[in-house]
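Number of protein chains: 2
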Amino acid sequence: MSTLCRAPSWQRRGFSLKYILFTPKPPTRAFSTSPRGPGLRSLELDEPRLKKLKVNQSRLMDELHHTCQWGTGERWGEQGTETGMRRLSLSDADKQARDWFVDATKALGCNISVDAMGNTFAVRPGRAQGAPTFAGSHLDTQPSGGRYDGILGILAGVEMLRVLQENRVETAFPIGVVNWTNEEGARFPISMMSSGVWAGDIPIGHAYALQEVGGGTATVKSELERIGYLGILPASYEAMPMAAHFELHIEQGPILEKEEQKIGIVKGVQAYRWYTVEVIGQEAHTGTTPFGSRADALLAASRMICASHTAAADHGALASTGILTLSPGSVNTIPGKVKFSLDIRAPSDNIIDKLEKHLKSDFDSIVSTESTKALPLSVTWQTDSISPAIHFHKDCIAAVRASANSVLGDEALSREMVSGAGHDSVYASRRCPTSMIFVPSRDGISHNPKEYTSPGDCAIGAEVLLQSVLRYDGLRSNVGN
Amino acid sequence: MSTLCRAPSWQRRGFSLKYILFTPKPPTRAFSTSPRGPGLRSLELDEPRLKKLKVNQSRLMDELHHTCQWGTGERWGEQGTETGMRRLSLSDADKQARDWFVDATKALGCNISVDAMGNTFAVRPGRAQGAPTFAGSHLDTQPSGGRYDGILGILAGVEMLRVLQENRVETAFPIGVVNWTNEEGARFPISMMSSGVWAGDIPIGHAYALQEVGGGTATVKSELERIGYLGILPASYEAMPMAAHFELHIEQGPILEKEEQKIGIVKGVQAYRWYTVEVIGQEAHTGTTPFGSRADALLAASRMICASHTAAADHGALASTGILTLSPGSVNTIPGKVKFSLDIRAPSDNIIDKLEKHLKSDFDSIVSTESTKALPLSVTWQTDSISPAIHFHKDCIAAVRASANSVLGDEALSREMVSGAGHDSVYASRRCPTSMIFVPSRDGISHNPKEYTSPGDCAIGAEVLLQSVLRYDGLRSNVGN
Ligand SMILES: [Zn+2]
Ligand SMILES: [Zn+2]
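Read top to bottom, the protein sequences are chains A and B.
One point on numbering: in full-length UniProt numbering, the residue at position 295 of the first sequence is 295, and numbering is uninterrupted.
One point on numbering: in full-length UniProt numbering, the residue at position 466 of the second sequence is 466, and numbering is uninterrupted.
Just chain A, same shape as in the assembly:
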């Protein structure tokens, strides 16, 4: 609690938050991609020159693990780095990681802005003024999370700044790295919270008032103040416009590993809908009630769960049930009531619509097949959440694709994907061109201490991120934007 009301270290060292970030500044013109060559602008970064901009894998991984000293979690292996992470948003550990981010990016020539949600923007000036092209992700983790989800995206952004600096690359427009606050929604229960505020989709008052889960009294606002990250820049896409947003992230699924591919070119985010389905039957004695006289709510629900799986597979979609409760809950009483959650996902809203329709019809058939004249079953649906499909921007997707091909040298090593989970890029994409880059997750495991992506795969992802940002900057420069 000694940090209460104390300015963060980078403020005490004389850095002051700027409302207007892009102060004119003489660009560092003397740089080169080769020891002998002249200074080179990104619009002149042709394919061979881009290829020479190499991510330093051990530097990237050393720095990533260095930052995992703040909020170290559960140990799962014997190696020093084989622990998970527990770095809840706006905790002391999160503050330490944020301070590192500010110090590191400042040392790389960036200007830092913190907005009213604690979103922290490190911007490296370009030749011309304008909205920066951003690499962004998050430094907070789940309570029992790993070392890669979110963290890799930020660390790869910092590595990008280092590569630009050591190669003295001047970009056409500013390049930024953004650390979004409370992406996980684990401590304060709204995920992608602060990119949502930035995008204008979540009211800041609502976010500020959120209390931490588990009965504590801390709120988002009180914790932002406490750790010194309640910035003066409005949390808004208008106050901090972005030319584009690229996010390197672990896949959190098994596809790349299974297909032995290295990069996912993320075209968008799946649509999903969440429902609560309630099945009402009739309680009855398990011993005295023949099958023909039952209205077994659990048997009907079981058939629905099986049917949802089959129908989703037929539609190229997903269906999952994570919660199921029943009553009365006695070994020798047939359940009269069952409630279960249903989570359906598909790449397009159209498929979701069709699947929902299909399932409603399937469930109705199950109910009428299982009903007897005397004992009808019934089913009702409640829609709990609707998240439409997100389609990323074609220019950003093209930049990622070109970069993946350049880095991997083989189109077969990358694939187009749709993200199954939400990310800050969902909200970013509402206000600027966006895409994401996925790297393999071992065994598809995430939100778990054992979450793991190999150093080689992390470096490949970071290099694709670097190239994507530079390609986008080059594209803007070419179109004079």
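If you are wondering where the hints come from, they were derived from the structure by calculation, not from laboratory data.
Don't take every hint at face value.
Because identical chains cannot be distinguished in the list, a pair is counted as satisfied if it fits within a single copy or across any two copies.
[Claimed, not checked] Distance condition first, Cα-Cα at most 30 Å in a straight line; then the derived DSS-like pairs of lysine-lysine: (1) K52 x K354; (2) K339 x K221; (3) K354 x K51; (4) K106 x K51; (5) K106 x K357; (6) K337 x K360; (7) K450 x K339; (8) K339 x K95; (9) K258 x K51; (10) K337 x K450; (11) K258 x K337; (12) K354 x K258; (13) K51 x K394; (14) K52 x K360; (15) K51 x K95; (16) K450 x K106; (17) K339 x K52; (18) K394 x K258; (19) K52 x K95; (20) K221 x K357; (21) K450 x K258; (22) K95 x K221.
Dock chain B with the ligands against chain A, hints included.
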């Protein structure tokens, strides 16, 4: 609490418990089944004379509803008798019903014995001494029970005594009515508790020590003492032998009603086994994990529940799941672990064995079909309870069959049945010839305030009970037993 340590009314009125019940007593020889005829012994009760012994339907029903003033439960209809019952074993209401039973049977010429479990035996002397042929059931109910389960069996027994008295029937051997303590196992959690002690299958110390459910401190023994029903007769089939035990009971299932039949001739009680089945899969994100990479414990469990239903139907058996729990229980996490109860029942142990084997093989197939190479599922079975099939005695079954045919005049109006639920007759059958008589339950509903059997059906059942007891007494007389 004013009843504490106070002798029951029938004790205060001078009746004393007898260890040896069958004191010689001059049999009432002057009686007749017709106003003009001579005294008639049951061995001489031929078919036409048996048919003349008629149950008085309104007397039976009036007395049944009269006793339901003690422990009246939830109202479900507008008529005076349209309430359920809440008469927990050894409660004040139970004591009042017991006192009524003692007074009523004593007034009908019975000797009363109360054993160490509070089992209350009312015995009407016969011409010869010997173990009585009993009609028995229970006066306790579920906390939210009805007016027929158990109660009808006792009231029909008392009506039987009335019919014998008003027709001045002298039986060959004594005829008794027994009220068994805590059949429901609702207040003290062992069902058929005191017939179990009588049969020597439940140790009396274990029964005595049982505490009431819901956190109270009362035990079976303290409550027996409190209400004055801790008798001095040992609770044992040796101290109180029975020549036979007949039990009239509501079906508690829908079969008789559905088939438009009036009497179930109960040949035995189904075998059942209870298991806890545990399915272990792998938690994973619902959005990022394709079907091919899942080990969905709930999907597998749902398939098992459906398969258990199909297999049981194929074997002419029943399978039911009344409890299902899962973890971790989050809308967007595929359950990694599911536990569910499985209750299988069949008329014979042989069918149960086959069904168990069939289901173990089915569940193994489901587990291997749903498993992927990287993510295996597993299933384990735990056996929680084994109750072998009970086969009632052929002579008792024959007596019930003959009585049903006599009362109904049409074989099509009765059917042989196997009881799906346990009853005191299960334990009785371990120590004497036994059978049961079922009457229809409206909508198959039981253990519910709405439990209902029509007055006509109650009277038919009571008349079949009366005849069955007399036929068995006649059989003993004929074989000199
Ligand atoms: Zn993330
Ligand atoms: Zn009963």
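- [ ] Could you check the structure against the hints above and give me the numbers of any it violates, in ascending order?
- [x] 1, 2, 3, 5, 8, 14, 15, 16, 17, 19 and 20
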